[in-house]
Amino acid sequence: MGLGTAHFGTATGTSGGRPGLGRAQGRPPGRPGHLRGKGGTTDDRLPGRGKRGGHTTGPFPAFPGPPPSLGENRRPAPRGAGPPFGAGGGRLPAGLGFLLLGLRGGAPVSRFPKFGLTCLFLLLLSAGCAVPALSPSPIPSSPPTPSPLPLPTPDPRLGGRLNVRLSHDLGRLTPLLLADDAEAGWVMHLLYAGLTRLDDRLLPRPDLAERWSISPDGLVVTFTLRPDLRWSDGVPLTAEDARFTWEMLRSWEVRLGLQADLHDYVAAVTSPLSDTVVFILNRRLAGLLADASFPILPRHVWGSLSPQALQEADLLSAPVGSGPFRLKERWPGEALVLERNPDYHGPAPFLDQVALLVAPDPQVTEMALRQGDLHLAQVPPEVYRALQKVPAQRPLLLARYLAPQYTFVAFHLRDGRPLADPRLRRAWALAVDQEAVVRQATGGEGVPLRSPILPPNWAYAELPPRTPDPEQARALLAEAGWSDTDGDGIVEKDGRPLVARLYVRADAPERLEACRQMAGQVRAVGIAVEVVPADFASVIAAKLRPPYDFDLLCMQWRNLGPDPDLFYLFHSSQAWQGEGDTRENLYNFVGYRSEEADRLLLAGRDTYDFEKRREVYRELQEVLDRDLPYYLLWGDPLYLVADARLTSADGPIQWETPNFFWNIERWYFRPE
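If you read the sequence shown in the numbering used here, its first letter stands for residue -3, the second for the next number, and so on.
Note that these hints are calculated values from the structure, not bench results. None of the values given here were measured: they were computed from a predicted structure. Certain hints may be false.
Quick list of the computed label-pair ranges, beta carbon to beta carbon [stated by the list, open to error]: (1) E580 x R246: 16 to 22 angstroms; (2) A432 x S302: 52 to 58 angstroms; (3) Q384 x R579: 46 to 52 angstroms.
Backbone N, C-alpha and C fix where the C-beta goes; we use that ideal spot for every residue, glycine too.
Build the full structure now, drawing on both the sequences and the hints.
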């Protein structure tokens, strides 16, 4: 199944500045109220669940960069259902609904009074403009021809409010929450800025920092801030705020992703000048430029808290930010209304407001999209398919992108394990019809993958297709010394049959079905696989720690960072070195060791030039596809529906990316 964008509907919609969702209930715009569903609980997938039922892990991970989180310590809910993180297993009631967001007691945001010349005169007085004193003058012999007063031409792109669906109430916004909640990442991006920002291909671009420089040895990275930066409360934003944020991150006990980089590679973060932030490294770290997209927090607001307290702080309780929008109103359980930030360092946003409306019920969401009460929504697949089947009477755009996660089979590569020989793993890959397995297991929704770097990442390499070839698979087995000498259909070597156990979560039906399909296909070439459904907490988790007692594991990585660095997953230094190695959280649990891969993994970290780095990762993806420490299965698409009039000053909005919000200040509604 490919990813892409489609247009549906006819051009009979309402304007981008429609004040709220009240028309779905017959209420006039501009009055507070709720748009309720039919009752019951939502069957929409909530963030962090790792399924295709709506939302998943964040497009703006709080910890950009590997390693991802395994995501195996939570029971997968059935598709289309599940609580948000920290909800204790409960579901959100559909009745939370939408809040009508017309201005209370006033006109919608998209309506402005029309001033005549008299009003213009009064406005000049109120603005302190000098008005000449009147004095008698001679009566002219003929009345002069009045000259019209020139009026500025309004920019048709300015104004309006973007209504965005939230599948659940955020409750609070914490820095750590972003790693598991896509929607929290959206809000954070709207309210806060980092030293860099990531574009639609996840390449770092200047943000609070107008430029950066790297010392010849690659060990000092200097960011220069834009002049006259201010927080949304008017307080100057300086390098000290950045130093405070990064020192806070370094002090956290978490040792994953960004924190692992800071702990292992960053010796110090300094602010020698008010506009200069300096990272002093122990060794080169090209991924730091993506790490630097982490949102900077205001020291004058949060500096009195301990690092531990700040991990749990609700940023919405004191939403002083530096992003393109600032918080205007908050109705817990119903909506967040953001308005244009007048102190934003970039070009002023075209949109007046962004309203994030809590709408857990998929049916209510579909109705609101059809009626124009929502302009942008990440939706469960059933809503997406319904809008494909019966297009709305207004122009909508439907798009898909890959969630930052993938499902795979991990081969245990240490000596003595059944598939430690790479020829046997290649035989596996040739015996399996990946597309058929993925289609059968996911109902046609999963996207077959070959690389652990996902599109649209700038480093993603398109690999040549792999066609199933059972005869070539048998030839590889024979080359490795395996043959069926007793006629039982299973190949042997030195009297030992080729038998492996494949562990998979018993409560993950898609993975379980994929494992059964693969076991049948490799059995046809002589590899016997016993599929073992197991509980994660009591069985599988222990196999991810020494002594790593498994042959094969069907797993899922999630929370993939935006930087393509795969060091933690595949470098030999990240594998257990045997007795005496007491390190925890070693992500190379398969024991992959390759001098060629090690060289490329280090080069990827050492190379700051993006074109050279892209070539390094192209080679690395080819090596991993050849050695097959993992057999990649599928990625999970997420589904977006947007008002087709939405566009940007930079051209069409790129929806096929988890980072579609990256240039929202450039968005506007095309006039109908």
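Status of the hints after comparison with the structure:
no.	hint	result
1	E580 x R246: 16 to 22 angstroms	holds (19 angstroms)
2	A432 x S302: 52 to 58 angstroms	holds (54 angstroms)
3	Q384 x R579: 46 to 52 angstroms	holds (49 angstroms)
Violated hints for the displayed structure: none, as all numbered hints are satisfied.
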